[in-house]
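Please model the entire structure based on the sequences and the hints provided.
Residue numbers (numbering that gives the first Met the number 0), protein chains in the order written: chain A, 0 to 343; chain B, 0 to 343; chain C, 0 to 343; chain D, 0 to 343.
Please keep in mind that the hints were generated in silico from the structure rather than gathered at the bench.
Nothing here was measured: the structure is a model prediction, and the numbers come from that model.
Some hints here could point you the wrong way.
From the derived model, a few chain B residues whose C-beta atoms are all more than 10 Å from chain D [claimed, not checked]: (1) 123; (2) 201; (3) 243; (4) 279; (5) 332.
Restraint-style ranges between C-beta atoms, simulated for each label pair [as the list claims (entries may be wrong)]: (6) 28/B - 15/C: 23 to 29 Å; (7) 53/C - 176/D: 34 to 40 Å; (8) 81/C - 64/A: 49 to 55 Å; (9) 63/A - 47/B: 56 to 62 Å; (10) 46/B - 15/C: 29 to 35 Å; (11) 17/C - 315/D: 17 to 23 Å; (12) 91/B - 63/D: 57 to 63 Å; (13) 155/C - 244/B: 43 to 49 Å.
Some chain D residues near chain B, calculated using beta-carbon distances under 7 Å [stated by the list, open to error]: (14) 42; (15) 43; (16) 241; (17) 252; (18) 256; (19) 282; (20) 291; (21) 328; (22) 330; (23) 332.
The C-beta atom is built at its ideal place from N, Cα and C for all residues, glycine as well.
4 protein chains.
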Amino acid sequence: MIIIMEEQAESSEIKAVQDRIKSEGFPYHVIRGDEQIIISIIGDTRLIKDVPFERYESVSHVVHTQNSYKLTSRDFKADDSIVNVSGLKIGGNEPFITMAGPCSIESQEQIMECARIAKEGGAKVLRGGAFKPRTSPYAFQGLGEEGLIYIRKAADHYGLKVITEVMDEANLPLVARYTDILQIGARNMQNFKLLQAVGKTGMPVALKRGIAGTIDEWLNAAEYIVAEGNFNIIFVERGIRTYETATRNTFDLSAVPVIQKLSHFPIIVDPSHGVGEWDYVAPMALAGVASGASGMIVEIHPEPQKAWSDGQQSLNEKRYLNMMAQVDVLSDTMKTIKPIQNDI
Amino acid sequence: MIIIMEEQAESSEIKAVQDRIKSEGFPYHVIRGDEQIIISIIGDTRLIKDVPFERYESVSHVVHTQNSYKLTSRDFKADDSIVNVSGLKIGGNEPFITMAGPCSIESQEQIMECARIAKEGGAKVLRGGAFKPRTSPYAFQGLGEEGLIYIRKAADHYGLKVITEVMDEANLPLVARYTDILQIGARNMQNFKLLQAVGKTGMPVALKRGIAGTIDEWLNAAEYIVAEGNFNIIFVERGIRTYETATRNTFDLSAVPVIQKLSHFPIIVDPSHGVGEWDYVAPMALAGVASGASGMIVEIHPEPQKAWSDGQQSLNEKRYLNMMAQVDVLSDTMKTIKPIQNDI
Amino acid sequence: MIIIMEEQAESSEIKAVQDRIKSEGFPYHVIRGDEQIIISIIGDTRLIKDVPFERYESVSHVVHTQNSYKLTSRDFKADDSIVNVSGLKIGGNEPFITMAGPCSIESQEQIMECARIAKEGGAKVLRGGAFKPRTSPYAFQGLGEEGLIYIRKAADHYGLKVITEVMDEANLPLVARYTDILQIGARNMQNFKLLQAVGKTGMPVALKRGIAGTIDEWLNAAEYIVAEGNFNIIFVERGIRTYETATRNTFDLSAVPVIQKLSHFPIIVDPSHGVGEWDYVAPMALAGVASGASGMIVEIHPEPQKAWSDGQQSLNEKRYLNMMAQVDVLSDTMKTIKPIQNDI
Amino acid sequence: MIIIMEEQAESSEIKAVQDRIKSEGFPYHVIRGDEQIIISIIGDTRLIKDVPFERYESVSHVVHTQNSYKLTSRDFKADDSIVNVSGLKIGGNEPFITMAGPCSIESQEQIMECARIAKEGGAKVLRGGAFKPRTSPYAFQGLGEEGLIYIRKAADHYGLKVITEVMDEANLPLVARYTDILQIGARNMQNFKLLQAVGKTGMPVALKRGIAGTIDEWLNAAEYIVAEGNFNIIFVERGIRTYETATRNTFDLSAVPVIQKLSHFPIIVDPSHGVGEWDYVAPMALAGVASGASGMIVEIHPEPQKAWSDGQQSLNEKRYLNMMAQVDVLSDTMKTIKPIQNDI
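This is the structure:
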């Protein structure tokens with residue numbers, strides 16, 4: 000941490016800052032420039048990030064030269080982490096992975112049909128919600144354990160893995176019994192107790208970016224999980240809240256290279272929530288492949304008009320299969336050009 | 000709900016929409032204009048809000064004419080709800096209430112000193128966090144139950160009520176034992192399980208607006224609480240996330256008249272988090288009084304430079320007392336001009 | 000336009016709305032549902048968009064069923080418009096076009112070198128600013144006409160077209176003398192006088208999305224140009240302002256399919272401004288190709304460290320050439336999968 | 000400017016940065032800490048703000064310790080600037096000033112009636128647009144010079160000053176002939192040519208904050224005006240664009256204390272555009288008074304339902320007069336509490 004003080008800072012003011020650093024137990028250097036006095040604090044200054052040095056007299060700038068996350072960082076681990084989902088590998092140079100399924104699990108038949116379609120398109124993971132976070136208390140909240148039973152059965156039938164959301168600590172043991180990947184929803188990105196709890200399970204966790212989450216907060220949210228010893232994290236970009244209303248969210252694809260630069264964990268994209276309109280999903284799925292993402296999660300439904308939730312953004316069978324054919328071609332092409340990219 | 004179809008909609012397309020409405024069990028009218036065909040659905044259409052009518056062929060617009068919240072709405076209850084905190088009344092024409100205290104409870108001495116200052120300035124409620132939601136897992140997370148014991152003791156000593164945050168369902172019984180008001184933090188505005196749990200306690204709940212929460216989502220979050228039978232809700236405007244970095248958040252004071260128009264529950268303001276810089280807190284506190292808010296919650300610290308968290312936005316004793324003297328004068332003035340305002 | 004009135008609206012209130020519609024010279028229908036009274040106004044209601052019907056007593060909703068833009072809309076022209084830049088075609092099924100060059104024209108040598116690099120990578124258009132909109136009045140404002148002379152010479156030498164920004168009406172004749180495409184910068188998206196002026200030239204116009212412009216405003220800005228008879232418009236997505244600071248802007252690639260759905264004019268992308276960091280430019284350029292954009296505009300510099308502006312986001316020769324090799328491969332692939340996409 | 004390099008920076012990398020600083024003609028110091036190497040550049044580093052030092056190898060942080068604006072800053076002039084509008088003083092300890100009038104000048108009768116109402120409520124300045132920036136080219140664009148003649152006549156009749164918007168350089172001489180204050184609209188906050196042109200007139204300029212303008216950009220926009228020698232600037236906070244749709248904009252009242260801290264120029268507020276709904280205007284006007292603003296600008300109309308533009312946010316006579324009675328009481332109170340505030 001670097002503290003920049005104004006040139007005209009008085010000795011007593013400089014001493015006040017020094018005393019505070021000392022009382023926190025940190026060594027430091029004071030450097031006098033022509034226009035500023037600079038105090039450089041040495042060591043793991045994450046621990047004194049909250050000290051309000053800005054509040055001391057004549058302090059003009061405080062520069063945090065260290066990230067507040069550690070184990071999540073590329074600095075901690077330079078090579079890509081591969082998340083292993085019961086044998087299915089995600090990240091690094093592994094093939095592009097698709098997770099597909101309905102927003103909500105509605106019945107055994109519906110999820111079985113979704114699994115069939117998902118499989119046919121080449122998806123490796125079946126998605127579907129049994130516990131749904133809904134803006135209104137009067138909206139459908141999910142089938143609960145019944146839904147979990149249905150999705151597990153459907154996935155097993157078609158040889159798929161399962162991803163489903165866990166909304167609270169109380170239901171975690173139940174959800175963990177049925178799923179391969181625990182999904183943390185956007186509204187829970189900073190539900191720190193829940194992050195710690197899924198961290199303790201050691202299971203693969205798909206961590207969605209918060210509705211208006213910064214990338215820095217997102218990396219710190221991952222740190223809550225990894226700090227519990229769980230290195231099986233998959234970031235999921237799902238769009239952020241902006242002023243634009245032409246799409247449900249603003250799909251921030253630049254998060255892909257940013258996360259890949261700052262962290263060793265894989266990132267996948269969710270074009271369905273990213274745009275919220277079925278006819279924009281395919282182009283954004285392709286853009287996701289080209290951005291270098293490790294995979295995607297996408298909403299499908301045998302009859303989107305009859306979906307109990309997210310019908311507007313769900314793809315029907317034909318559209319999903321067409322998109323997947325395109326995705327296959329594109330991800331093959333991406334493999335051939337990746338080496339060039341790495342060379343840059 | 001009103002569904003507007005394009006003029007050239009075919010009979011089969013109109014029938015598809017009608018069939019869907021019927022299958023949902025709702026009566027409707029079809030009205031043919033010169034340029035549109037309009038289908039008006041009758042009844043409590045909150046229950047079919049998720050049906051993706053936009054997805055049916057030739058549907059051009061779907062208009063939701065009902066809010067998704069009900070008991071929270073002014074339509075449900077026209078007169079102001081007064082929240083009773085063990086005898087202290089908040090809302091309606093009750094006096095402007097101040098809640099003051101530190102961000103974190105740090106020690107018995109610190110919270111006792113904060114209580115003394117809070118009381119001297121005229122605050123009626125003591126704030127202070129024992130469980131702190133922190134972006135980084137390495138930041139101070141609060142003293143836990145120890146902190147709760149300290150704040151209760153300090154509040155009782157000075158005849159104040161207590162407000163403190165509850166972060167998860169597991170800790171709710173513990174927190175409820177010590178506090179008068181349960182605070183739901185910004186990151187938990189859509190932690191629906193927690194909202195239901197505090198709803199069940201029947202205790203006063205201070206519901207902070209989410210970090211990027213819309214007013215509509217906020218009203219729906221309240222609905223989760225009130226749907227459990229708990230009508231003791233206080234909205235807390237604490238600033239929203241925008242692109243502007245000159246302040247920690249953008250303090251949206253217009254939420255005060257908006258909430259007062261749409262809901263019967265009181266709203267108070269949090270200028271400390273609203274701006275995040277101590278020297279902007281007093282002007283925004285005064286603006287909050289003038290906006291017609293029912294009260295405010297503000298961060299103070301005997302020595303803000305030594306605060307374990309939020310030191311940058313905490314007021315010291317002198318500044319807090321000066322501000323409170325101004326707030327008193329202004330809220331007296333507001334009482335004299337309120338009748339004119341109601342006449343508008 | 001549809002006006003929805005509350006069920007309990009009184010005759011006099013309904014009459015007030017009707018009288019207003021009549022006085023504006025529009026025919027209408029009144030339709031009585033069980034819960035609402037609906038007034039459907041017939042004709043080109045763009046002309047009465049500003050009438051504050053919401054303000055009339057018992058009006059609950061006003062639905063604008065027509066866009067405020069007309070000639071820009073797909074409804075007006077179903078097939079893709081191809082913009083012809085002195086023989087170079089942009090849009091529709093034409094090949095993906097790259098425009099490359101420095102942020103600022105700095106000297107004859109610099110722009111000549113940029114042109115060489117641009118050409119080698121396969122770009123067809125040379126970019127470079129002679130008049131620069133700068134946040135601070137003390138920043139470099141561009142070489143003016145001198146710069147225009149330099150860029151024209153460099154482009155002609157390498158057989159490239161020129162795109163450069165015009166900042167004000169006064170300089171338009173000068174800029175038009177040297178350039179093939181007039182660029183309207185993000186800060187000028189709603190400089191309506193300038194839009195009308197470039198509209199009158201009939202020249203190709205690259206219309207950047209405003210710094211926080213909505214897609215609807217952008218389409219209306221295009222309408223200012225096309226209303227003057229100029230159908231040579233290219234939309235340029237360059238990122239929007241959000242709360243996220245990890246990138247300079249938030250690159251909204253979903254604008255590509257949205258604009259393609261709503262308008263017949265081509266859209267290209269600007270990954271350089273979209274992300275603002277050179278190492279994120281290539282992945283976003285590829286994502287742009289995959290999103291279906293008709294081209295891109297990208298910043299390059301022989302020595303980015305020495306660039307007078309935007310050095311942080313400019314690509315050097317090697318990185319640009321690598322990226323272009325990837326772009327070529329990807330755009331070839333996209334051609335093979337496009338038919339499938341159209342089938343959806 | 001402070002450049003922080005990584006500890007492991009090689010000599011050649013440090014030298015590259017030093018060479019660049021030298022070539023720009025600036026002296027500097029190199030300081031070696033234990034974990035960083037710090038280079039402190041001396042002098043007016045505004046001039047090298049664009050040098051992409053971040054791009055040099057092993058540079059970890061670049062800290063700009065100087066603002067890019069100068070004459071606008073409190074550092075340049077510590078005491079409040081008072082803007083003199085033909086004898087009417089705005090800013091500092093001068094009385095709170097109200098500017099009132101319609102969005103658009105519609106006729107001589109309409110603006111005369113507005114002037115009568117404005118005057119009766121105690122406004123000192125008459126507002127009204129003759130040239131209107133409109134999202135759609137088909138919307139009413141203003142009466143032009145005819146409108147200017149009307150507003151001047153109405154203002155003179157009631158002894159009011161005039162404020163009206165100038166949209167482009169070409170019309171500036173015309174507008175300047177009729178108005179006392181030149182208004183720069185939100186869409187033109189970064190129309191730098193126009194800023195320079197109004198700067199050259201020496202006339203009072205009301206500079207609206209951009210639709211999504213940062214406070215830093217706003218201060219720099221003012222710098223364009225003051226750099227031309229014009230120190231008669233009034234900042235106008237009018238709300239910023241956010242994701243919230245309950246109000247037309249998000250009214251950022253914290254801009255008042257922020258601007259007052261950073262600049263010596265006065266700031267007034269525009270609650271009409273800030274919220275966009277007539278029934279929220281009065282509470283936000285009062286909040287504006289309490290925030291310490293030097294005045295406000297507000298939209299009124301004899302018959303808001305018949306307004307040609309902004310009818311939704313315009314106050315009718317009764318509501319305006321009621322609000323002004325409240326504003327008077329509150330601004331009187333503010334005078335009595337201001338000394339306390341200054342003491343803080």
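Going down the list of hints, with the structure as the test:
1. With a closest Cβ-Cβ approach of about 21 Å to chain D, residue 123/B is found to remain outside the 10 Å limit, as its non-interface label requires.
2. Against the 10 Å criterion, residue 201/B stays outside the reach of chain D, whose nearest CB is about 29 Å from its own CB.
3. The Cβ of residue 243/B does not lie farther than 10 Å from every Cβ of chain D; its closest approach is about 6 Å, which violates its non-interface assignment.
4. At roughly 4 Å, the least C-beta separation between residue 279/B and chain D is not larger than 10 Å, which violates its mark as non-interface.
5. Once the 10 Å rule is applied to beta carbons, residue 332/B is inconsistent with being away from chain D; the minimum gap is 4 Å.
6. Between residue 28/B and residue 15/C, the C-beta spacing of about 24 Å keeps the proposed range 23 to 29 Å intact.
7. For residue 53/C and residue 176/D, the Cβ-Cβ distance of about 37 Å falls inside the hinted range of 34 to 40 Å, so the restraint holds.
8. In this structure the supplied range 49 to 55 Å holds for residue 81/C paired with residue 64/A, their Cβ-Cβ distance being about 52 Å.
9. In this structure, residue 63/A and residue 47/B break the distance hint of 56 to 62 Å, their C-beta atoms being roughly 50 Å apart.
10. For the pair residue 46/B and residue 15/C, the supplied restraint of 29 to 35 Å holds, since their beta-carbon distance comes to about 34 Å.
11. Evaluation of the 17 to 23 Å hint for residue 17/C and residue 315/D yields a pass: the beta carbon distance comes to about 21 Å.
12. In this structure, residue 91/B and residue 63/D break the distance hint of 57 to 63 Å, their C-beta atoms being roughly 49 Å apart.
13. Checked against the hint of 43 to 49 Å, the pair residue 155/C and residue 244/B passes, with Cβ atoms roughly 44 Å apart.
14. With 7 Å as the threshold, the beta carbon of residue 42/D stays out of range of chain B, its nearest partner Cβ sitting at about 26 Å, so the hint is violated.
15. For residue 43/D, the shortest C-beta to C-beta distance to chain B is roughly 23 Å, which exceeds 7 Å, and the interface hint is violated.
16. Satisfaction of the interface hint for residue 241/D is found here, the shortest Cβ-Cβ separation to chain B being roughly 5 Å, below the 7 Å cut-off.
17. Using the Cβ-Cβ criterion of 7 Å, the hint placing residue 252/D at the interface with chain B is satisfied: the shortest such distance is roughly 5 Å.
18. Hint status for residue 256/D relative to chain B: holds, with the closest Cβ pair at about 4 Å, below 7 Å.
19. The closest approach between the C-beta of residue 282/D and any C-beta of chain B is roughly 4 Å, which is under the 7 Å cut-off, so the hint is satisfied.
20. Below 7 Å, beta-carbon pairs count as interface contacts, and residue 291/D has one with chain B at about 5 Å; its hint therefore holds.
21. At about 5 Å, the closest approach between the beta carbon of residue 328/D and any beta carbon in chain B falls short of 7 Å, and the interface hint on this residue holds.
22. The beta carbon of residue 330/D comes no nearer than 10 Å to any beta carbon in chain B, farther than 7 Å, and the hint placing it at the interface is violated.
23. Here the hint on residue 332/D is kept, as its CB sits about 4 Å from the closest CB of chain B, short of 7 Å.
The structure fails to meet hints 3, 4, 5, 9, 12, 14, 15 and 22 from the earlier list, while all remaining hints are met.
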